[in-house]
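Student: The listed protein sequences derive, respectively, from chains B and P. Just so we're aligned, residue 1 is where the first sequence starts under UniProt numbering, counting upward by one. Just so we're aligned, residue 1 is where the second sequence starts under UniProt numbering, counting upward by one.
Errors might be hidden in some of the hints.
No copy is singled out in the list; a pair is fine if it fits within one copy or between any two copies.
Calculated lysine to any residue pairs in the SDA-like style (CA-CA distance at most 20 Å, straight line) [to be verified]:
hint	residue 1	residue 2
1	94	220
2	167	32
3	16	88
4	209	199
5	94	227
6	94	208
7	209	50
8	167	182
Just so you know, the hints here were simulated from the structure itself, not pulled from any lab data. As the structure is a prediction and not an experimental result, all values here were calculated from the model.
Protein chains: 2
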Amino acid sequence: MTTAIEVMRGHRSIRKFTEQPLTGAQLEAIMASAQAAPSSSFLQASSVIRVTDPELRQSLMALCGNQAYVAAAAEFWVFCADFHRHLQWVPEAKTGFAEQLLIGAIDTALMGQNALTAAESLGLGGVFIGAVRNHPHELAALLGLPRGVIPLFGLCLGYPAQDPEPKPRLPAALMFWENRYPARQDETLMADYDARVRHYYQTRTGGTKDMSWTGQIGDTLAREARPFMLAFLHEQGFCLR
Amino acid sequence: MTTAIEVMRGHRSIRKFTEQPLTGAQLEAIMASAQAAPSSSFLQASSVIRVTDPELRQSLMALCGNQAYVAAAAEFWVFCADFHRHLQWVPEAKTGFAEQLLIGAIDTALMGQNALTAAESLGLGGVFIGAVRNHPHELAALLGLPRGVIPLFGLCLGYPAQDPEPKPRLPAALMFWENRYPARQDETLMADYDARVRHYYQTRTGGTKDMSWTGQIGDTLAREARPFMLAFLHEQGFCLR
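Chain B with its partners taken away, still in its complex shape (with noise of 0.2 Å):
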């Protein structure tokens, strides 16, 4: 066990923390942290905005399902996919590809996890907002992303106000497959999982939150997702083809 696989692992949302500020240091170390990520065809196609203003924050705070964390976090930082930056430099580029929003993604969610586990490692904590795309419009609008920029998840960072646990992830033998995708997954494996998982929101919530994994993900993808983000995407100039 190294100490990064145990910062790693013990990783847990931080959505409550103290008014303690960064220092410079720590925001260079999390930044070099987060480029040092490997990048497809090392297109470095992403870019991060750091949100310093209060007022903007409150905005963006607003929607983002009023998270206070969002306004309340010493940083929040929106990291995009970014093929903007090639446009301005090679006009000619062929851009619009399907494929380009998933080395987008990809690309920028690495850089973004390098940053959670940098900050968790300074003793930080952090948390994923992937509400920044509940309003991709408007978002894009008040930090001025141009088309080829699209906003993927903010990261609110600073020191934990609270300590809760790490949360059971779904066994390894229903996540990590050899060689070939089962045809059916193991259904005595899952229901141990929906208990172990109704066991921790219970234990969590002081018994009020009585819901087994399979139980959430149906609550989840019984609504729509999102359905205005193909029409975004498009309109950013991604998946267009």
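Using the hints, position chain P against chain B.
Tutor: Below, chain P without anything else, positioned relative to chain B:
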């Protein structure tokens, strides 16, 4: 500077490996680190196919631009976005949204980056293989990937048999913005960076490769980027709405 940050900042892609296999404890630590990454709405929309069959490795190598390390590395894992899992447990789940492609791609990349960092912290090296998307239909057939599953990237892991230097990244001032995406990016900073990349390639190749970063992205983006990808995504049930 923490050891985790040192590991991440020291990253360089490794494409030549010794024949030494990984231990079971190493594999478990890497898998557990990957699974500990955050998951959007706790959907855990990822699967990993660990390819141990030598003939299958050869076939995959042929589909991945004949990159020898796909067959030769101690480990080769294919990271997939996976909503088939959810459809097994919740057949009435609403899927097909572009948003779910983003969830799957981002969450799977978060896992992949943790896997790479864990491996590097153990003294191993690795490289991501975007070329698993070169022939996605054929690759999906070989791995038995059903509708709802998309191969996103491969990961070769093993003990390094080479020691390349890290590649110079874009200046942070061209990737991290404060509060607003800039109307125009700084041409002097880019010219400096282009010169640094040119120097890196010249040094690394003994003068035979003469290429700036803007030159390289111009070459890459002069061609269509896997133009079959949108059709493949549709067939697998993504980006339909």
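Student: Look at each hint and say if it fits the structure.
Tutor: We went through each hint and held it up to the structure:
1. 94 with 220: Result: close only across copies, 9 Å inter versus 36 Å intra.
2. 167 with 32: Between. Shortest inter-copy distance 13 Å satisfies the 20 Å Cα cut-off; intra-copy 28 Å does not.
3. 16 with 88: neither (39 Å within a copy, 36 Å between copies)
4. 209 with 199: within (10 Å within a copy, 58 Å between copies)
5. 94 with 227: For residue 94 and residue 227, the Cα distance is within 20 Å only across copies (11 Å; inside one copy 27 Å).
6. 94 with 208: Classified as neither: same-chain Cα gap 53 Å, cross-chain 27 Å, threshold 20 Å.
7. 209 with 50: neither (35 Å within a copy, 36 Å between copies)
8. 167 with 182: Cα proximity of residue 167 and residue 182: none, with 25 Å in one copy and 39 Å across.
Of the numbered hints stated above, those contradicted by the structure are hints 3, 6, 7 and 8, listed in ascending order.
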